[in-house]
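S.K.: Quick note, the sequences are listed as chains A and B, same order.
One gets this note's numbering by counting positions in the first sequence from 1 and adding 176 to each.
One gets this note's numbering by counting positions in the second sequence from 1 and adding 2 to each.
Calculated directly from the structure, the hints in this document are not laboratory data.
Even for Gly, the Cβ is constructed at its ideal location relative to N, Cα and C.
It cannot be assumed that every hint is accurate.
Result set (BS3-like, lysine-lysine): computed pairs, CA atoms no more than 30 Å apart in a straight line [stated by the list, open to error]:
hint, chain 1, residue 1, chain 2, residue 2
1, B, K105, A, K196
2, A, K190, A, K231
3, B, K56, A, K231
4, A, K242, B, K105
5, A, K217, B, K105
6, B, K105, B, K56
7, A, K240, B, K56
8, A, K196, A, K240
9, A, K240, A, K190
10, A, K190, A, K217
Stretch-level coverage of chain A by chain B, calculated; a stretch enters the list once three of its residues show a Cβ under 8 Å from a Cβ in chain B [unchecked claim]:
hint, stretch
11, 216–226
12, 252–264
13, 278–289
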Amino acid sequence: GAVVSQHPSRVICKSGTSVKIECRSLDFQATTMFWYRQFPKQSLMLMATSNEGSKATYEQGVEKDKFLINHASLTLSTLTVTSAHPEDSSFYICSARRGLDTEAFFGQGTRLTVV
Amino acid sequence: GIQVEQSPPDLILQEGANSTLRCNFSDSVNNLQWFHQNPWGQLINLFYIPSGTKQNGRLSATTVATERYSLLYISSSQTTDSGVYFCAVVPRNQAGTALIFGKGTTLSVSS
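Sequences and hints are given; from them, build the entire structure.
M.R.: Dropping the structure here:
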């Protein structure tokens with residue numbers, strides 16, 4: 177299967193600071209990547225669709241100015257949580273697939289704790 | 003939008019038992035996948051199965067697309083099977099869009 181790598185796996189930051197999370201497709205090119213958020217004991221909720229070379233598409237209720245997405249190359253998308261607050265503490269996970277109707281693969285996830 | 007419902011929400015088994023997890027979806031799909039989320043949060047791909055039947059060791063899955071459901075079978079369960087099992091779909095005519103997840107089934111296997 178395809179490999180999607182996410183970094184860091186765990187981060188603790190102070191309230192008010194920004195955190196960048198990287199998502200890489202290691203053995204394929206991905207024009208589209210997806211960012212999800214998962215709260216404890218809940219399912220994965222789609223935050224945004226990251227499109228290479230263009231603006232991300234955000235789901236309703238997700239603040240685009242707080243969650244900045246950059247998809248600068250066909251193998252890298254980044255999610256920056258700006259001015260983080262304790263309520264942004266969550267598990268963030270990215271996904272990508274080789275082609276339109278193919279299997280999706282997920283990164284290892286990033287557990288963000290804002291103190 | 004499409005609804006994905008998984009049942010049961012929780013399942014407790016003794017080691018060696020068999021189980022069936024169900025995923026119902028409210029509309030036609032292009033893509034259906036089953037995942038196992040381990041205690042560290044990693045999503046492990048189990049099956050990519052928009053239709054038909056597949057088997058991988060003790061696990062097998064069947065999707066009946068015309069009736070809008072999929073089943074995941076776990077045979078001779080082991081403690082390492084514990085975790086959350088998710089079903090996720092991409093609606094038909096929305097190829098290339100994100101997977102939509104059900105709420106999951108939490109499986110606990112005790113020795």
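S.K.: Evaluate each hint against the coordinates.
M.R.: Right, here's what the structure says about each hint:
1. B/K105 - A/K196: Roughly 28 Å between the alpha carbons, so the hint for B/K105 and A/K196 holds.
2. A/K190 - A/K231: holds (28 Å)
3. B/K56 - A/K231: violated (38 Å)
4. A/K242 - B/K105: The given pair, whose Cα atoms are some 26 Å apart, holds under the 30 Å limit.
5. A/K217 - B/K105: holds (9 Å)
6. B/K105 - B/K56: holds (23 Å)
7. A/K240 - B/K56: violated (40 Å)
8. A/K196 - A/K240: Given that 30 Å is the threshold and the Cα spacing comes to 14 Å, the pair holds.
9. A/K240 - A/K190: The hint holds at about 21 Å.
10. A/K190 - A/K217: Since the Cα atoms of A/K190 and A/K217 sit roughly 24 Å apart, the hinted pair holds (cutoff 30 Å).
11. 216–226: holds (count 6)
12. 252–264: Coverage by chain B is violated here, the residue count being 0 at a Cβ distance below 8 Å.
13. 278–289: Per the Cβ count (8), the hint holds.
Of the hints listed earlier, those the structure fails to meet are numbers 3, 7 and 12, in rising order.
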